[in-house]
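The chain contents come next:
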Amino acid sequence: MTLYNRRRARNFVILALSLGATGLALLILFLILGTLLAEGVPALNLATFTQTTPPPGSQGGLANAIFGSVVMTIAATLVGTPVGILTGTFLSEYGRTGVLAEVTRFVNDILLSAPSIAIGLFVYVAIVVPMGHFSAWAGSIALAIIVIPVVVRTTEDMLNLVPAGLREAAFALGAPQWKVVVMVTYRAAIQGMLTGVMLAVARIAGETAPLLFTALNNQFGSTNMNAPMANLPVVIFQFAMSPYADWQRLAWGGALLITFTILILNIIARMLASWSGDTK
Amino acid sequence: MRRQQLEDMLFRGTTKLFAVGVLLLLGAIMLALFIGALPAIRAFGFTFLVDSTWNPVKQIFGGAPAIYGTIVTSIIAMLIGVPLALGVAIFLTELCPPSLRRPIGTLIELLAAIPSIIYGIWGLFVLAPFLQSTVQPFLKATLGEIPGFGILFSGPPLGLGILTAGFILAVMVLPFIAAVTRDVFMTVPPMLRESAYGVGCTTAEVVRNIVLPFTRVGVVGGVMLGLGRALGETMAVTFVIGNAHRISPSLLAPGTTISASLANEFTEATGPLYTSSLIELGLILFFITFVVLAAAKLMLLRIERQAAK
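Protein sequence lines, in the order shown, are assigned to chains A and B.
Just so you know, we're using our numbering here: the first sequence kicks off at 1 and counts up by one.
Just so you know, we're using our numbering here: the second sequence kicks off at 1 and counts up by one.
Hint data in this document are derived by calculation from the structure and do not stem from the laboratory.
Not one of these hints is a red herring.
Derived Cβ-Cβ restraints for the label pairs, each shown as a range:
#1 Thr-47(B) with Pro-163(A): 55 to 61 angstroms
#2 Met-241(A) with Arg-246(B): 17 to 23 angstroms
#3 Leu-3(A) with Gly-27(B): 56 to 62 angstroms
Please read these numbers as outputs of a predicted model, since none were measured by experiment.
Each residue gets a CB set at the ideal place from its N, CA and C atoms; glycine is no exception.
Only chain A is shown next, with the shape it has when bound in the complex (with noise of 0.2 angstroms):
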């Protein structure tokens, strides 16, 4: 074989390797979701969203673990929302240069890809071994923990975006820096930091780990953030690991629910970045 064949045959296995790499990334993606939808779609109805969790061997559905997963995520995204807002906006408005933002900076990325068990464990010590009790709040808490890190990043990404000659003209119209922030730098990168809770608020729907050991489970209906409260994923991981078969059954409805919201979620935030995108 000559050397042009021979370098032609390896470029021909390096680039169907590396097309063979992608198509079974995707692969498994779609089999990921095939088997959500093939599992979960028979054993989602109209029960699944209005009965509470049941025993083994009953009927029942998953109201109570929605419902709970629904008020724990908002509660968390209410509370590491301004944070998260008011952090990323130090470090892009007034955190350029300076080590306490290129620090905070650091250790945002860590805390970002930080095990989120880790987060639930602190929570644990900090919060519900003092309180004496799991509770929802605790759950909330390490959810928010989660937030915090995700929306910074993103805020100060966006802030960043902002054309400096909109800031300069705001100034030289005789407004105070905070002004500024507020009513121009804000109001141009709105739709980028909305994206940054949708995300953040896609990455905790699912997240269980730090539930497990704040938030608990609770096998009937409860509104009581001060108490242990169903949710979603863990009743996902305690109904999949569970021997009974309608346990399971209800396990893959659940998965189902939780993938397409957060599927969907992920979409709307991508379409809200790539529109924004396109205004500018």
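Go by the hints and put chain B onto chain A.
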């Protein structure tokens, strides 16, 4: 004017306060875990790291099996996931028609959006039976026959175990590594790439001799980021690892990881020493991932500066 200055200071102060708060959060996490782990640290000292006893009845705990499982599953995940992720990144930057780049890139990123627990339930009901019936007997019949090395693939194919957990983790870290690698591949100046094509390089040669050397630090950073994820991944692993507190030479055998032990046992732990030992495992996990992620971040910062030049 005075009022406006005051308001400005207030606003700046508030944002700064929250930034400091985020900074303190990391310290608070470490401190809280350390305090929680203190009874176990006092009781077992450094032997905790090497002892493989896990006896809740006698209240003797050693973290070695969990630490071993965490590291081995992550290594398997890297061995499988990194080549796949590099392949995806090469495909997306060099091979893919530009009109398909975004849709395929988005689909790969959706793989990262699927929650851990979904990977777990899929791994338990779909992947594990598949591995048990086809892949594991095949591995036993081929690699398992090699003297010495074969011990890694000995024992009955259970479906659940260290290897399965490694497979699932490989799929989970793939999108993270692929996304970072694709982004750093994009930082290669077009001039360099075009010059290489100009002297007659094939695409594979451009990747090997131009793109990879130029982005080496960034690629390693991306791999470390994936490693950080793999080490701390909880739910998916908990479903498929089999949860056995022992160190087996075979990769087909069930084991445990730090995060899986925590997920399984924490709420059922009886006695303060049991809980404290589990918290110490969490502290060790947090420390390991902190070091890995910090290294990843430093490497990625270097390539950002290089690109900015």
